[in-house]
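The task is to assemble the complex, starting from two chains supplied on their own in separate frames and drawing on the hints.
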Amino acid sequence: MIPVEYIVLIVFLLCVAFYTISYGIWTWKKRNRLGAVMIFLVAIISVILPIYILIFREV
Amino acid sequence: MDIKKRIKNLLFFHEPQMEKPFILKEDSSSDGRDNSDIEKNKEGSRKKKNEDLLLLKKLEKIKLTDKKEGSDKEEKPDISKQLSENKRVIEERFSIPLNGDLIIRKFDITVKDSVIAAFLIFFDGLVDTKVINDDILQPLMLLSNLDIKSDGENILNYIRSHILPHNQLKEARTHQEVIDEVYFGGCGLYIDGLDTAFTADVKEFPSRSVERPNTELVIRGPQEGFTESLRSNTGLIRKRLMDQKLITENIIIGKRSRTPCSIMYLKDIANDSLVAEVRRRLKSIEVDHIMDTGELEQFIEDNPSLPIPQIMATERPDRVCTMLTEGRVAIVMHGSPFALVVPITSSDIMYSAEDQYLRFPYSNMLRIIRILALLMSLLLPGIFLAITNYHHEMIPTDLLLAILSAREKVPFPSVVEVFLMEISFELIREAGIRIPGPIGPTLGIIGALILGQAAVEANIVSPILIIVVAVTGLGSFAIPNFSAGFAFRILRFGFIILAAISGFLGITVGLVLIGLWMVNAKSFGVPFVSPVAPRTSGGFSDAVFKSPVWKQEKRPDYMNAKRGRKQPHISRRWIKRDVESNKPDSEDNNG
Chain A
1 MIPVEYIVLI VFLLCVAFYT ISYGIWTWKK RNRLGAVMIF LVAIISVILP
51 IYILIFREV
Chain B
1001 MDIKKRIKNL LFFHEPQMEK PFILKEDSSS DGRDNSDIEK NKEGSRKKKN
1051 EDLLLLKKLE KIKLTDKKEG SDKEEKPDIS KQLSENKRVI EERFSIPLNG
1101 DLIIRKFDIT VKDSVIAAFL IFFDGLVDTK VINDDILQPL MLLSNLDIKS
1151 DGENILNYIR SHILPHNQLK EARTHQEVID EVYFGGCGLY IDGLDTAFTA
1201 DVKEFPSRSV ERPNTELVIR GPQEGFTESL RSNTGLIRKR LMDQKLITEN
1251 IIIGKRSRTP CSIMYLKDIA NDSLVAEVRR RLKSIEVDHI MDTGELEQFI
1301 EDNPSLPIPQ IMATERPDRV CTMLTEGRVA IVMHGSPFAL VVPITSSDIM
1351 YSAEDQYLRF PYSNMLRIIR ILALLMSLLL PGIFLAITNY HHEMIPTDLL
1401 LAILSAREKV PFPSVVEVFL MEISFELIRE AGIRIPGPIG PTLGIIGALI
1451 LGQAAVEANI VSPILIIVVA VTGLGSFAIP NFSAGFAFRI LRFGFIILAA
1501 ISGFLGITVG LVLIGLWMVN AKSFGVPFVS PVAPRTSGGF SDAVFKSPVW
1551 KQEKRPDYMN AKRGRKQPHI SRRWIKRDVE SNKPDSEDNN G
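Protein chains in written order, with the numbering used here: chain A, 1 to 59; chain B, 1001 to 1591.
Calculated directly from the structure, the hints in this document are not laboratory data. Values in this document were obtained by computation on a predicted structure and should not be read as measured data. There could be a bad hint or two in this list.
Straight-line Cα separation of at most 30 Å, DSSO-like style, residue types lysine-lysine; simulated pairs [said to hold, decoys possible]: (1) B/Lys1267 - B/Lys1245; (2) B/Lys1170 - B/Lys1106; (3) B/Lys1576 - B/Lys1025; (4) A/Lys29 - B/Lys1554; (5) B/Lys1239 - B/Lys1087; (6) B/Lys1239 - B/Lys1566; (7) B/Lys1008 - A/Lys30; (8) B/Lys1267 - B/Lys1522; (9) A/Lys29 - B/Lys1005; (10) B/Lys1522 - B/Lys1576; (11) B/Lys1566 - B/Lys1576; (12) B/Lys1005 - B/Lys1239; (13) A/Lys30 - B/Lys1522; (14) A/Lys29 - B/Lys1020; (15) B/Lys1267 - B/Lys1170; (16) B/Lys1267 - B/Lys1566; (17) A/Lys30 - B/Lys1020; (18) B/Lys1245 - B/Lys1522; (19) A/Lys29 - B/Lys1522; (20) B/Lys1004 - A/Lys30; (21) B/Lys1081 - B/Lys1170; (22) A/Lys30 - B/Lys1025; (23) B/Lys1005 - A/Lys30; (24) A/Lys29 - B/Lys1004; (25) B/Lys1245 - B/Lys1170.
Next up, chain B with everything else stripped away, as it sits in the complex (with noise of 0.2 Å):
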């Protein structure tokens, strides 16, 4: 029965079964068309009225969903009146006294000549301890006693307004939210009496300082990278980006490890339904642990057999703000020192940080060299086979003549010698990452120089593969994104295979399949290659040029920001003569 419903699935065609991609739709608030378009759609303004209105109606129905969902998940109080109950369910939470870093510290505190028991819980290792011992243990346990002029109080506020020194209290009306403090470096203070908890942000945890980011070095731009603390990377975008739209929102991930994340975006200027799409894809997230955005990237990306990366992962905040401002998503989460951002679009993996800031004539010539070195990285070996196997009349005879002469002695097909050089440029890569930092290097040079040198001298290679090969590593070096790099050496060997089997043929047929393949992808419901296809405005100059800073006006169209001009038709003001600098202009309220 079941090889029959095989052969039947395998012979006919079935519709296929998928839910709806979230595609990212221009949103009801954007003012991202010129004076000009507006004037001229306004014949159409009643279809396009009736449009907004839908989307309108569909962004509220987002709204209402995430909120049902929040409300659902929220926790009823479960924090008993009674202390001895409170220690309980902690020890049993904590499995006291096995674990053996939590501290129950006991004491009393003496209000309004009542003598009250209480206990603080927190992690040794996590917390400051000076901070615990001066902000929330002395004058709890002295300080309560001095008389402080206040009526009609409880006993709650008493303590929050007036004994509590501590800038971030927070009150706490569930064991889960004092545990998950607890374990975010805080501590939980519960009072007998009280069905409500305090939690204090003490947190200091063991943690490298600010460093130079190792993957996406520059010679011109900031120098700094995020570390493996979310307050301090989420600090370092904010640092950069003074902007009072700037949204931080939290949200946990993992049921067991409760890893705290952050979704930061601008307010005014992100598609609304972008965020919530990010919103609904982490808060959908069912796993046990989780400890990189590494990982995370792989549960939200869309595609996620497609080899290269629909999402940016970067470590330094100056092109986390930058995207902000473009009005993409960042998400931040704590132990990981690379941020995401989404969407992207293929040509944002081509680019670094330092392209924004070098001179465009500058930025644009390391563009194009990028370019090239993409094509070598992913071709040139599959060219080499091509030309050599099949199409002996597209190179000059003299260079057909020195190739074959140099691979006369060599006794292997030329598909094998590319495969032995390729797995060697591989092996050497992989060792060099793992062996310790001062060897590295040495490996490199034994590597290069003297396995290549062997490798002729034995003729089991030919010196022009190992020019193809070197050229080739050089190439995917040179690619800016980390597992773009990845993915472009995966599809190297796809191109070996298809140029040793049909030569151009075969690599036709393979960038039209990575062609297709590309195009039918999206990035949080952005088409991966826009702006090429489909065609926005800028098209393909705005993929591979960068227009000088002036003339960067508008926000990317894919993006539909709400707000989809970044500065006005003239940003250089000084130029026009007649118009002070101080002078309000109508261009500048954004369209």
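For reference, chain A alone in the conformation it holds in the complex (with noise of 0.2 Å):
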């Protein structure tokens, strides 16, 4: 069972990374291609990262 404070971070994190992902989305019609994937990238990670490491990897 996930407790309640995670689902919170998860949603909060899913925010912040949907947040990116329009920002790399605006950046990516400015043809600065490289820059909309770095910026993918962080937003995966920024979510995939912690989200891992709170559920999955046992301390």
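Spelled out as structure tokens, the structure:
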């Protein structure tokens, strides 16, 4: 069972990632392709890494 | 609907709709490059010419819009030939008879065998009544009867040329011009049959004399400070900077207060676009009343949210002169003993006026001490908290044990202790300023000794924290800029919170955030951390250290002044024995 605090944190992280991705799309439209790819990467890592550490990694 | 829109705004990135900020670029007429540089850049000269042409066009555009703005604001002549009509307008504008200190003196002038009615207006208390009696009223009432040989002149010219001997006589075509002059210590003269009024400068404001500056005291250097009188202040600048290219432009700010201001700059050094930008910002201010340059600074600064000041406020005329010679622009305001100088960089706020007058090893030592003071003022309580709470391994064990044993009986966590002491210190400082003169130092003694001692003995704070707070306080007093002192005090509290939350990690995050904030800031188009970022000639060494006076050959690169060079490569001509001291040198012609 995932604690409520974790769920709140994950929702917050998803919102941040969503905003970052929308920024990446704007950057892509501005023809800064490499910048956009890096932004997508940062957005994905900033969600996946905390979720992995919070839920799957056993301390 | 609104909530949906807000959520959408929060979740989606939107392109910021910002106006293009002003950036100070190199002036088209600049000769800031060395001859060697010009040789190197010959290949790219065509490209440069195109850029220059574009810049020139932009400057012309700015000038045109300035002229257009000026012409829009010019009022139509509204002074009537009927004296009674003019008197009615004046009485209405000045709310006569409700207004008690405006004097309207009616009299007759006898000009060429005809008697003409006239009246003079002025404010009691703003003018020199002796000058009014001797130079205005006496000639008009008594000497106008003299037989002066002048044919074919109209009354206006006759009075101006033969009757009124005052040295600053102006003609006004609108009532507003007269009113502005009257408020600025002048008098207005209306004559029947003329649609032009005369104004004369007869001001004698109640004001203090030139005294030592309170906030920027120096040991070596001039001891004069600005006063509250505009003309006295511009005079103090002109007295030092005897340069025929020094321009003083007059401008009025405040719809109702009509506060006179002056923009001062060196015409052949200051960048035209910078002067135009200062003029544009000042002219565009829409406010009823403005009392001090402190208010004006907030109206024209680039980044109001940045705690560190981006405009230099100084009460030293010599400092203003030094900055004007570097291509900066000064703003002097009537009623304020502080002049504003723009643009500035982060390094300027750490320098004192004395730095220029001291020999360079001394001023460099002082600069290093000031930088240490800044770091202590900003970070010391934060570092203390970080070390005692998180990073015990960073200090020797003996010292750690001493700190811990001193804190043994203190019932509060160290962050509460730091806050208590910092707030007490700020209280003492604030109370010391407000308390009347003779009691002030006593309060300092009470605060520092008795309160500190008592707090330690009562086990409310630890003795080591008293040392930390005292050193922090000393550091903040060593910062030469008054506004910057405030900024670092505010930021210090931020660092205390960050250090309490996550030790050195928090302090690092704070430093990075402040760094980003400062790198992003501009002061009138000049990057705030120049010449470090963006790096220009001189770079870090110019930002921190002062070279000898005879080696200060160039003006700051980031100023993009019209003349980049201040003095030739060899300014101490006497070291060259083969050169006669009065022989002109090609290098002397500023590059």
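(request) Compare the distance between the alpha carbons of B/Lys1170 and B/Lys1106 with 30 Å, and conclude whether the hinted pair is satisfied. (result) holds, 20 Å
(message) For B/Lys1267 and B/Lys1245, compute the direct alpha-carbon distance and say whether it is at most 30 Å.
(response) holds, 5 Å
(message) Against the 30 Å threshold, does the CA-CA distance of B/Lys1004 and A/Lys30 hold or violate the hint?
(response) Between B/Lys1004 and A/Lys30 the Cα gap is close to 27 Å, so the pair holds against 30 Å.
(message) So if I understand the rule, the pair passes when the alpha-carbon distance is 30 Å or less; does B/Lys1267 with B/Lys1170 pass?
(response) The given pair, whose Cα atoms are some 25 Å apart, holds under the 30 Å limit.
(message) Run the distance test for B/Lys1239 versus B/Lys1566: straight-line Cα separation, threshold 30 Å.
(response) Since the Cα atoms of B/Lys1239 and B/Lys1566 sit roughly 20 Å apart, the hinted pair holds (cutoff 30 Å).
(message) Given the hinted pair B/Lys1008 and A/Lys30, is their Cα-Cα distance within 30 Å?
(response) Distance of about 21 Å is within 30 Å: holds.
(message) So if I understand the rule, the pair passes when the alpha-carbon distance is 30 Å or less; does B/Lys1005 with B/Lys1239 pass?
(response) violated, 61 Å
(request) Take a quick look at whether B/Lys1522 and B/Lys1576 sit within 30 Å of each other, Cα to Cα. (result) With Cα atoms ~43 Å apart, B/Lys1522 and B/Lys1576 exceed 30 Å; violated.
(message) Holds or violated: B/Lys1267 and B/Lys1522, Cα atoms, limit 30 Å.
(response) Given that 30 Å is the threshold and the Cα spacing comes to 23 Å, the pair holds.
(message) Hinted pair, alpha-carbon criterion (30 Å max): B/Lys1239, B/Lys1087. Please report holds or violated.
(response) violated, 40 Å
(message) Check the hint pairing A/Lys29 with B/Lys1004 against an upper bound of 30 Å on the C-alpha distance.
(response) It holds: about 25 Å lies between the C-alpha atoms, which stays within 30 Å.
(request) Take the C-alpha atoms of B/Lys1245 and B/Lys1170, compute the straight-line distance between them, and say whether it is at most 30 Å. (result) With Cα atoms ~24 Å apart, B/Lys1245 and B/Lys1170 stay inside 30 Å; holds.
Violated hints for the displayed structure, listed by number in ascending order: 3, 4, 5, 10 and 12.
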